[in-house]
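Participant: Sequence:
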Amino acid sequence: MKKIFFKLLKFYKKIRAWLVIDLYKTRGKKPWSKGYFEYKWKEIKGNIQNKDLLEKFYKGNLSSGYGLGVDERIVEYPWILANLSEESGKLLDAGSALNFEVLLYHQKLKNKEITITTLAPESNCFWRKGVSYVFGDIRDLPFRDNLFDAITCISTLEHVGMDNSEIYNTGDKYNENSSKDYLKAILELKRVLKPGGQLLITVPFGKYENHGFFQQFNKQMVHRLIEPFNNEGSVSYFKYFENGWQKSEVGKCDNSSYGYIGLHEKLNKIAGASAVACVSIIKNHDIQSNEMNLNKKEDIKNIEYEKDDLGYSEPQKIVVYESTYEMFDENLIKTRVKDYHDLILPLLPKDKSKKIIDLGCGFGLFLDFCRKQGYENYEGVDIVKNFTDYAKNKFGLKNINTGDIIDYLKKASSENYGAITAINVVEHIKKERVPELLNLIFKNLEKGGVFVAEMPNADSIHGIHTLFSDLTHEWAYTKALIIQLLSQAGFSEIRVYPNRVRKSMPIRLLQKILAKILSGDDKLLYSGNIIVKAKK
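Using UniProt numbering, you'd call the opening residue of the sequence shown number 1 and step up by one each time.
Treat the hints loosely; a few may be bogus.
What the hints assert, rightly or not - Straight line, CA to CA, 30 Å or less: simulated DSS-like cross-link-like pairs of lysine-lysine:
1) Lys411 <-> Lys334
2) Lys30 <-> Lys14
3) Lys239 <-> Lys180
4) Lys56 <-> Lys30
5) Lys352 <-> Lys59
6) Lys372 <-> Lys394
7) Lys180 <-> Lys56
8) Lys14 <-> Lys25
9) Lys410 <-> Lys352
10) Lys239 <-> Lys385
11) Lys45 <-> Lys29
Note that these hints are calculated values from the structure, not bench results. If you're wondering where the values come from, they're calculated on a predicted model, not measured in any experiment.
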């Protein structure tokens, strides 16, 4: 059954991509308009699999019309893969530009241990492929010296020290104007690169421009990238002409302006940079790791590194992962709060004096929402102390407890709650213990009280993806299964809802067709999660 789901998902993605690409072409291939991303990635995928084309990036000229209407990634990715060593070893992607399936599964990367470092978590996550993720600033990397055999840094250095607050929604934390901090980053990359290791960098190139959240590199800045390596490195230049991207010379690129800043600032038909500089460096064995070091690790963190897979000690791991709490994505918060308002709030008791407990309350985001809606008689429990501390300190929530939710409910007074919620919690419980949990929830609800939960939807292709996107997920639930379990616990008036319904007619039509094939509920077919309400 799982194979059928994935085949249908693959088929759906192909059909959707074909439709939006056709729409993009019909509308004149306007940069960043609907269908642009699908068209761009289709081109990139085909190009990086073309060995003859990659050879042209290594030596030779590109064909006329190459990458017409596509931003600089159409040049950067093939150049990186053409120049990256075939040898196995540890690869650091500084800036996460490689964090896409089509790239990570490329033949050149299959034999490498890949670590991706970026400021904050992203939606793409390939831990199942063995990719490691570390969140932090590349000016201050949490790795020991001489660790990586190769480093890629694709269109990242231009953002270092600039205003990244909107990109990562971190408030003023990364709202900077330190245009020379890319030099600190290059020294850090040099420090963690092994002698004999390979460093591949790409940056937008031309005359110097400061656009606030990034800067365009000029000749002097590109040269400064190579200086710490005894000026031993090579630079390839690519420029966008009327007939597409072509190899160029520095003298024909150094006066280029950045072509496209954003959706509301269309300077011309160029989709991004007008030119890029691609820098290839091999770290000489004679270069000392502390030479020109503006940012000594020993002065910043007095850490004795243990030999582990990533090269940093266990205490440092804890610091890295806990720091992500401070960088909780504002876009994610807005999305979740909107979901609470649109999908969960209508299911809660109208009487706001009723006592509510949120099982697995996490950071306290949902309870903070409930409090703002007027539910003052709230309570929360979560097994992770860092989460409950955050809920108390960040949101100022009271009645937040740390402990196992099943043990907590066993000790609670019977028929004490008007509502019990478990949002993205049940899937983390061992399936053998789920009936016990539901029985305890039923016991602790007052008569007429409601249980509201959200969980991965096993009736949906997307729900299967949700299930396997988190190592701590134990199970996903079909509509029939959750109704059966809740009924056995004693609940009545059980309702199951999708967490999202697509309104687009072509998508709704496809959903109905697939639902007929699978004999399922077409409204649940596309929904990654289901929302359940049951009454005592």
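Participant: Each hint: holds or not?
Facilitator: Hints, verified against the model:
no., hint, verdict
1, Lys411 <-> Lys334, "35 Å, violated"
2, Lys30 <-> Lys14, "22 Å, holds"
3, Lys239 <-> Lys180, "25 Å, holds"
4, Lys56 <-> Lys30, "27 Å, holds"
5, Lys352 <-> Lys59, "70 Å, violated"
6, Lys372 <-> Lys394, "15 Å, holds"
7, Lys180 <-> Lys56, "34 Å, violated"
8, Lys14 <-> Lys25, "16 Å, holds"
9, Lys410 <-> Lys352, "25 Å, holds"
10, Lys239 <-> Lys385, "53 Å, violated"
11, Lys45 <-> Lys29, "18 Å, holds"
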